[in-house]
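Asks: Going down the list, the protein sequences come from chains A and B.
My numbering numbers the first residue of the first sequence as 1 and each following residue consecutively.
My numbering numbers the first residue of the second sequence as 1001 and each following residue consecutively.
Just so you know, the hints here were simulated from the structure itself, not pulled from any lab data.
All figures in this text were calculated on a predicted structure; none of them were measured in a lab.
Keep in mind that the hints are not guaranteed to be accurate.
Stated by the list, open to error - Stretch-level coverage of chain A by chain B, calculated; a stretch enters the list once three of its residues show a Cβ under 8 Å from a Cβ in chain B: (1) 72-83; (2) 96-110.
To be verified - Computed beta-carbon distance windows for the label pairs: (3) B:1263 / A:97: 31 to 39 Å; (4) A:87 / B:1263: 29 to 37 Å; (5) B:1214 / A:106: 33 to 41 Å; (6) B:1225 / A:163: 54 to 62 Å; (7) A:66 / B:1205: 31 to 39 Å; (8) B:1214 / A:65: 48 to 56 Å; (9) B:1225 / A:87: 51 to 59 Å; (10) B:1271 / A:73: 34 to 42 Å.
Note that beta-carbon positions come from the ideal geometry of N, C-alpha and C, so glycine has one too.
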Amino acid sequence: MTGAEGPPARPAGPRGRVDPRVAAAAAVAAAEHVEPVDSEPEYEGLVTRAVAFAIDAAIISAVSVVVGAGVAVSLSVLSVPGDIENAIFALAGGVCALWSVAYFVTFWSATGQTPGNRVLGIRVRRADGDATLSPARSLLRLAMLTLAAIPLCAGFLPILVDDRRRGIHDMVAGTVVVGSGEDQPPAA
Amino acid sequence: MRLARPTAGRATLHLTVETLPEIRAREQDAGRRRFSLLSLGGAVAGIALRPVAGGVALGRRAERELRAAVADGLDAATLAATDALLASPLARAVVDRVLDSDLARHAVERVLAGQLVDAAARGVVEHAVLERVADDLLPGETVDALLDRAQAADLPRRVADRLLADGVLDQTVARVLDGPELERVVEQSLDSAAMERLVVRVIDSRLLEEAVERLLQTEELWLMVDEIARSPAVAAAIQRQSVGFADEVAGGVRTRSRRIDDRLESRARRLLRRRPRESGGTPPTGGEAPPGDTAP
């Protein structure tokens, strides 16, 4: 639910008239449930997000390369049998994938900012409020991000035309990417 | 009024009335006649007494000449007696005894304790005696002679030793360092053209290059540089500088990427014939949520 969905349907009385008590209770419930956005955020575009993602990919790749090189050197020294070595490589690939997933899920769930996002001054948050993502929502967003990239990154094109600059993965996960405000002067 | 003298048994009364000027003229005539008589008498007496006066004047002149001769003789005799007295051993013994006596010491003490010394000092100052003496001494060779003698007697070293031993030099240095004179002198020196010329000469000279070369060859310099480089303040400064540089680079990337975003989006919207997006991401539907806003 988001605040943009509008208030819930007004309960009507027996003759179609609205009961004031019921209406007030519904308004309070709606106010408690919806977290209105304080101000109009600056939604971030495709290039900015791509640059941030590139930084994150570089970090992930660097760590993976260093760890993989260490493992490869260890295996070359230990003269492990071929089957076990293949299994270790497969395990390393799984660990690398897990590391990539954990990287994004952890940062999106914790602060809404990966290191790349922090460099670019952007943040991922829920579309219906200022809250950070839950791990499940982060995982869903990452999965949809992967799927959106498969058809030649066509899933990212809606960012160019959407009013809130959301891609397919944002629409499905109910997230937006906004500026963190750290690079902007404080409001008067 | 005058009564006329009786004549021939008859008494005749003549009344003559004289005025005041007539009375004065008559008295003046009488006085003039008396002065003439006295002058005449004086002249006669002077002629008669002239030899006597000549004798008296001659006696007086002789008396004056005699007195001068006696005085000269007495002066010569006195001087001769004085010389004889001063040259005699007796006078020397007398002087020695007088000076060795308590009387002489007492006299000196009285003089020093009395007003005489103060009066003498005031007189010296008032009449500029020292200035006159200095004016006579300074242009001549007396000062040079005095300095030569002082140097020969090793006076400068002894004075320096005394000043150092008594702490006078320390007090002087402390006074100079605490006082405003040193700052004034330094300011004047720094502002002077001579100082500028001196600095230029030092920079242009080989002295500075030699000093820098020797300094770079010393191991202590590099130890000091290492210590400074390892200090927390320098490390923090370098870190701040690095962070500042990284922030600057990130800010540049951020600004450019957002500008490219705007251009790319405007072209895509033109291609799809959609109206431009409003700034700030406000949905153009008047608050109505755009499609797909529902979270799963």
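Asks: So which hints don't hold here, by number, going up?
Replies: Of the numbered hints, 1, 2, 4, 5, 7 and 10 do not hold.
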